[in-house]
Amino acid sequence: MNASDPRSAWPARAWPEPAPAARWTFAPVLGLPQFGPWLAACLTALALLFVSHGQWRDSAAWRWMDVIGEGGITLMLATWLAYLRAARRAGPVTDWLCAGLAGMVLGAGVDLLDEFWVLPKDVLWDNWLESALTPLGMLALTRGLHLWRQEQLVINRQLQQREGGWRDHRAIDPLTQLADASHMVRHLEAEAREGRAAHLFLLGLQGVDALARREGLAAADRTLRDAALLLQLHLPAAALVCRYGGDCLVVAMAPQTLADADAWRQRLVKALAEWAAIRGGTQAPADAAAVGVRAAGLAWGPGASLGAGDALLGLLERLR
Amino acid sequence: MSTLSILQWLDTTAAPPPGGRCLQADTPVLPWSDPGPLLTELALSRCFDLGEACRSAGLDPAAGMFSPRQLVALLQAVRQQAGPDTPFVLGRAWLPGHYGLASQALRGSPDLLEALRTLCRWSGRLCPLLTPRLLIDEHELVLAWSDAGSLPPGARALVVDLHMAAVALGLSALGEAPLDWSFSFNRTRPCDLSSHAAYLGPRLHFGCQVDALRLPLAQARRPWPVSEDLRQAQAFAHRALGLGADPQALGRGFVAAVHDRLLPCLADPPGVEALAAAFGMSPATFKRRLAQHGTHYQAELDQLRAGVALYLLGPQGQGNEAVAGALGFFDRANFRRFFKRWTGGLPGVAR
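Taken in order, these protein sequences are the chains called C and Y.
Residue 5 is where the first sequence starts when you use my numbering, and the numbers rise one by one after that.
Residue 615 is where the second sequence starts when you use my numbering, and the numbers rise one by one after that.
I should point out that these hints are in silico values taken from the structure, not numbers from a laboratory.
Every residue gets a Cβ at the ideal spot worked out from N, C-alpha and C, and that includes glycine.
Check each hint, because a few of them may be wrong.
The following residues of chain Y were derived to be distant from chain C, with all beta-carbon distances above 10 Å [as the list claims (entries may be wrong)]:
1) Ser619
2) Glu655
3) Pro675
4) Asp725
5) His753
6) Leu807
7) Ser808
8) His810
9) Phe820
10) Leu876
11) Pro884
12) Leu960
Quick list of simulated restraints, FRET-style, between CB atoms [claimed, not checked]:
13) C/Arg298 x Y/Pro837: 22 to 30 Å
14) C/Arg153 x Y/Pro804: 32 to 40 Å
15) C/Gly307 x Y/Glu935: 49 to 57 Å
16) C/Ala263 x Y/Pro837: 42 to 50 Å
17) Y/Gly672 x C/Trp60: 43 to 51 Å
18) Y/Ala791 x C/Tyr87: 49 to 57 Å
19) C/Thr83 x Y/Pro651: 37 to 45 Å
20) C/Trp28 x Y/Lys901: 21 to 29 Å
21) Y/Pro804 x C/Ala263: 47 to 55 Å
22) Y/Trp956 x C/Leu237: 30 to 38 Å
23) C/Gly169 x Y/Arg836: 25 to 33 Å
Same shape as in the complex, but just chain C (with noise of 0.2 Å):
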């Protein structure tokens, strides 16, 4: 593609990622991208210690209880681990987390290996282990939610216009990664428990189904995506947007005065068409106004005679 093309004007926007991986891949712990074999190995050295200054008790003697009970907690603590470092990127917070989880299963892991062999009564490393492990996991744990807890209030301020007041990630939209109708009459319901109202918006893209018959379905879920993240930039920080459908996109912000309203409807209006034009004109001069945009707006809160999701689908009535 040379310079006077002008597509080369408009670059391809890719995944950040290839697809949310189902596959796991675990975040390295710190520094060590193997921090799971480094932990086998730190317990198979405990069962070593066990092994050359223990003496192997008959199974005969063995409390089942206690056999299961510990094993299980060992395994659970363990399992745990392995989420957290599936779910999470590395970073000092992941590094405080596993690690307390970490002190946590070798703690455990001691408690479990004297069930199997017995030490001497002179032999006291063991007692310290085990009371040091597993406190300072659990300090170190503690430490790690702490910080945690205030990387997700960083996050929940960057996912604010995307998520609201509720989180949950089956509602996300893979395409436009927001989250679908049923978030926002959740989020609408839940504010109007509060006794908040909110006005709606509901942009609807037109033309795009021609879009993907001229120029395949890829530019249609670029244009759509881009409409999405293009909307975002226009919307102050404390609203909320979601993808209703198709392509239709949906805000709610704070109440409104009519006049205020209608601004802000002609705004983002505006705003999406604007791009739409200069988008079209890039893609396909000869047909600059491929994509138009509609918008319809209405005031929700508690009270009103519909249902959330019944107001939306009156909005989308008045779009067609």
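Once you have looked at the hints, place chain Y on chain C.
Frame of chain C; chain Y shown alone:
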């Protein structure tokens, strides 16, 4: 003896010519080249691994052919990856599609009515998962979908939505004016109607006994802007298809083929033996084949009767007596019992 019959409204010009082979749900009869390019395009746009989706559906694109059941499994896997709007996004690009002569025949249609007839006639190529049937009276047309083979319950909504979108968004876009389609779904109303409403429009009816689209006939007869070239290509495509140039277009899902045999004689339906003989099978093989499609003779007969009864009672406003006669019931009481068992309501509700 009543002369009322569904054949008065069933558009027989839309029936496929005889001689097509039966498409079994588990036999690899569909070429990968039909849905392959569209699914690949979606996978590229939404950044998911189509190969992985194929593997999870037990399908090997390199083999070239796959079965209807595998296609359904693949669509389910694709929806998992691409998002809940998949049936609508795929649907609006599904028709007229790029399926060779059959798509060419659709593109050159002079109006929607003719396009729908073409869709019904060459459904083996254009929509092998669901079989469309066209019912026309003086005011409106009804396009009713029935299983071509058998759909697993979890996939039914996905496949039906895809076909609804294919007709209402894809095929209808060949004309320029927007159309007032209304949609009947044979399932309960979803909690969240937003996707359906945003893609298909406001005329959505859930909890119906059939999956169907309805449209005022006048809108279907509005002429489409078709160039002379396209018209000639369409005439050529129809001629070539009629001569058997694309054997798959003549194909018919097994369950749909059974319906084809039963529909003209619902007042006095053939028994299993007679039906099996018509398919050139022994009754045992015929029953086994139906069981492989997850159904049996009485279930299909009852489902057809319920659908026909709903159409005759509802849009056609026929009386219970006449409908009972048309469906081979001895009296109204029998018919009412049957109707209640199948639809959960009395015949009056259908009106």
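Item to complete: Look at the Cβ atoms of Y/Pro804 and C/Ala263 and judge whether their distance stays inside 47 to 55 Å.
Response: Violated, at about 38 Å.
Checklist line | Status of the given 49 to 57 Å range, CB of C/Tyr87 versus CB of Y/Ala791 | finding: With a Cβ separation near 55 Å, Y/Ala791 and C/Tyr87 satisfy 49 to 57 Å, so the hint holds.
> Is it true that C/Gly169 and Y/Arg836 lie within 25 to 33 Å of each other by Cβ?
Replying inline: Taking Cβ atoms as reference, C/Gly169 and Y/Arg836 lie about 49 Å apart, which means the hint is violated.
Distance restraint evaluation - C/Arg298, Y/Pro837, Cβ atoms, bounds 22 to 30 Å: Distance hint for C/Arg298, Y/Pro837 holds at roughly 28 Å.
Q) For Y/Phe820, which was marked as not at the interface, is the minimum beta-carbon distance to chain C over 10 Å? A) Non-interface label on Y/Phe820 holds, nearest chain C Cβ at 14 Å vs cutoff 10 Å.
Per the stated criterion, does the least C-beta distance between Y/Ser808 and chain C lie above 10 Å, as a non-interface residue requires? violated, 3 Å
Check your understanding: Taking the minimum C-beta separation from Y/Leu876 to chain C, is that value above 10 Å?
Key -> About 38 Å separates Y/Leu876 from the closest Cβ of chain C, which puts it past 10 Å; holds.
Can we confirm that no CB of chain C comes within 10 Å of the CB of Y/His753? holds, 23 Å
Report task. Measuring Cβ to Cβ, find out whether Y/His810 lies farther than 10 Å from everything in chain C. Result -> violated, 8 Å
Hint says 30 to 38 Å; check whether the CB-CB distance for Y/Trp956 and C/Leu237 agrees. violated, 55 Å
Q) Has the hinted range 42 to 50 Å been met by the Cβ atoms of C/Ala263 and Y/Pro837? A) holds, 47 Å
### Query
Within 21 to 29 Å or not, the Cβ separation of C/Trp28 and Y/Lys901?
For C/Trp28 and Y/Lys901 the Cβ distance comes to about 47 Å; the hint is violated.
This entry does not satisfy hints 2, 6, 7, 8, 20, 21, 22 and 23, going by the numbered hints stated previously.
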